[in-house]
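Work the whole structure out from these sequences, hints included.
Number of protein chains: 4
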Amino acid sequence: MNNPIDDLLQQLRQFRDERDWAQFHNPKDLALALSIEAAELNEVFLWKKPEDADPARVREELADVLLYAFQLADKYNWDIPQLMQEKLSINAAKYPADKARNSAAKYDKL
Amino acid sequence: MNNPIDDLLQQLRQFRDERDWAQFHNPKDLALALSIEAAELNEVFLWKKPEDADPARVREELADVLLYAFQLADKYNWDIPQLMQEKLSINAAKYPADKARNSAAKYDKL
Amino acid sequence: MNNPIDDLLQQLRQFRDERDWAQFHNPKDLALALSIEAAELNEVFLWKKPEDADPARVREELADVLLYAFQLADKYNWDIPQLMQEKLSINAAKYPADKARNSAAKYDKL
Amino acid sequence: MNNPIDDLLQQLRQFRDERDWAQFHNPKDLALALSIEAAELNEVFLWKKPEDADPARVREELADVLLYAFQLADKYNWDIPQLMQEKLSINAAKYPADKARNSAAKYDKL
Chain A
44 MNNPIDDLLQ QLRQFRDERD WAQFHNPKDL ALALSIEAAE LNEVFLWKKP
94 EDADPARVRE ELADVLLYAF QLADKYNWDI PQLMQEKLSI NAAKYPADKA
144 RNSAAKYDKL
Chain B
44 MNNPIDDLLQ QLRQFRDERD WAQFHNPKDL ALALSIEAAE LNEVFLWKKP
94 EDADPARVRE ELADVLLYAF QLADKYNWDI PQLMQEKLSI NAAKYPADKA
144 RNSAAKYDKL
Chain C
44 MNNPIDDLLQ QLRQFRDERD WAQFHNPKDL ALALSIEAAE LNEVFLWKKP
94 EDADPARVRE ELADVLLYAF QLADKYNWDI PQLMQEKLSI NAAKYPADKA
144 RNSAAKYDKL
Chain D
44 MNNPIDDLLQ QLRQFRDERD WAQFHNPKDL ALALSIEAAE LNEVFLWKKP
94 EDADPARVRE ELADVLLYAF QLADKYNWDI PQLMQEKLSI NAAKYPADKA
144 RNSAAKYDKL
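Protein chains in written order, with our numbering: chain A, 44 to 153; chain B, 44 to 153; chain C, 44 to 153; chain D, 44 to 153.
Just so you know, the hints here were simulated from the structure itself, not pulled from any lab data.
Which copy is meant is left open, so a pair is good if it fits within one copy or across any two.
Below are the DSS-like pairs computed for lysine-lysine, each with C-alpha atoms no more than 27 Å apart in a straight line: (1) 91 - 142; (2) 130 - 91; (3) 130 - 142.
As structure tokens, then:
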């Protein structure tokens, strides 16, 4: 039995291939598509307090971001939990808990 | 034993709480942070052919996008594979394979 | 005597040509560069109340957005005030004052 | 007689006030709106070669970016050509012509 991430990746490949979309899916345009979905996600919050955004729309736009993020990772044959795990360790080192506590400053301003 | 997604979510919550960052993590700013990371991902490709971008940098910036996407989903207590699965079904209906084949057009132009 | 917009455009062309950057300045990458600067502008506001963002940094990042916007318009040989004027008229028609008053809704939801 | 920039700013203020939109126009959301328009501009180029993007759509989306950029500058009462002029001087110092020639590298990598 597959895990849920592999299931999704397999379905995304099938979705792409049934439409012959591999020709468009170079990593630069996949990253661009991801950022456009990120903007659509932001649009749900535009001119609003955070709690006034419609969760159903947030959910859909966030899903589109994730679907492109998974496809970009898959393009490079990367293991998704592993790349996240590695970056989380890097971030933990960049933002030591005792310096970063209660601060929204960027790591180079801590 | 946890699955890798739950493992990551648990570590992200711990990372946040050790730094008292829950005060900053409203969904509007999480979405904004995600889109800023998406722009940093795009920057790796800027002025370049897709194949000339440095994969190590793509990997790190994509990881940051995913880390914020997971935190935003977690903020709403959503199951991540499930929300992706649902949107993939919606997208499959919006882009019927026979109409969308070989086309980069948006669904409302098919 | 030139007007300030033509002055800026002429300086931007000289800036580009002294560095032989015309080779990179296709409109797709100029638009991408613009959106990356827009994200840097957003980063000044991240995790903050609008009034707590540092105006000096807002000013610099907004300037970078404008510099790329002007270069993109110039790439197409467009008159900048004229294209803005035209779109402002379109927006006024999309958002009739009596319907749009006090509403942050998108035009297709008015 | 007004110059074209002041004309546009005056019309933008009138457009906003006829709709009572000043209540929404804090600088954080104006910057967010600008970045969403920047993403719509990028979408015109998505999955395409730069020369295949529809210029009429580029023109409209670029106009929306500029309209928000002008409104954000006006929110801070800034002189637009002056802030652009200042940043162009900063950029010229960050990217000395002899080092930056033929290079798409960021200033800290020159």
